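**Q** For reference, the chains in residue letters:
There are 2 protein chains.
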Amino acid sequence: MSEDGQEGDPVEIWCAGEEWCAVTATASLIGKKWHPVIVDRLLTNGPLGFNALKEAVDGISSKVLSDSLEDLEERGIVTREVISEKPFRVEYDLTERGRDLGPVIDAMRTWGKAHLVPADERES
Amino acid sequence: MSEDGQEGDPVEIWCAGEEWCAVTATASLIGKKWHPVIVDRLLTNGPLGFNALKEAVDGISSKVLSDSLEDLEERGIVTREVISEKPFRVEYDLTERGRDLGPVIDAMRTWGKAHLVPADERES
DNA sequence: CGGCATCCACATGGATACTG
DNA sequence: CAGTATCCATGTGGATGCCG
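Going line by line, the protein sequences match chains F and C.
Numbering-wise, UniProt numbering puts 29 at position 29 of the first sequence, and it's gapless, one number per residue.
Numbering-wise, UniProt numbering puts 124 at position 124 of the second sequence, and it's gapless, one number per residue.
Accuracy of the hints is not assured; some may be wrong.
No copy labels: a pair is met if it fits in one copy or bridges any two.
[Stated by the list, open to error] Taking lysine-lysine and the DSSO-like style, the derived pairs with C-alpha atoms no more than 27 Å apart in a straight line are: (1) Lys32 <-> Lys63; (2) Lys63 <-> Lys86; (3) Lys54 <-> Lys86.
Derived from the structure by calculation, the hints contain no laboratory data.
Model, not experiment: these values are computed from the prediction.
Sequences and hints are given; from them, build the entire structure.
**A** Now the structure itself:
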């Protein structure tokens, strides 16, 4: 910040070609506490309204969900579409780029299920 | 915290069986700014000493590296072995569990390389 | 070499309440 | 329904310096 043309932790233009850079940048995306859950939810339950998504994520406050969705929008992961004005309805959905996170989420889930033991069958 | 037998953001016993939980827990691990890089570095460059690792990660301060390694140790991702006492040497390496993060890192890298454009060839 | 001790700045998440 | 507005606690990273 206050350096060049970048603002904060910007869109999707961080790094050039270095391998680990793509990794870190991706980490800064799915490392946010709720981001992976939101993406997972949208992957599974299709397009969702704000409160429906809030229900699906379960445990998130509206402020944080709002913040997260804004972040995900800016990064081109989710889309926000206003469905109707009078009974005000919107729908959040994943972009192509967002759907491409599927394998990442899945790898994470696989690892988690393999190594995060359920609190009672700890071996060694 | 201050609930039951857990302390802070503990070892590896968060969630029981729910799918998204494994995802979130994994995110809390690889979401720390330097964790994925450290793991990646150790995956690539084999066992490393503290300063060698610091070099390899490039840009991290000793305090943060120290914190990160402690965290990763507690979670059973890396091992710390004292090689020699007199010229004091240690070596950090990945555990089996740590190596299993390979696919996750890889999925992240793949996504990153596909969607994080290098700041000059943005094609909307 | 391999850290730890401080201190600090800022990001992130959360609770609660209120609005169009 | 779909958020915004506050305010606050904590987490997380970073700079610098010192130590065994």
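**Q** Decide, hint by hint, whether the structure agrees.
**A** Going down the list of hints, with the structure as the test:
1. Lys32 <-> Lys63: Both ways: Lys32 and Lys63 sit 14 Å apart in one copy and 22 Å across, limit 27 Å.
2. Lys63 <-> Lys86: within (23 Å within a copy, 54 Å between copies)
3. Lys54 <-> Lys86: The answer is within: 21 Å in one copy meets 27 Å, while 57 Å across copies does not.
Checked against the numbered hints given earlier, the structure satisfies every one of them.
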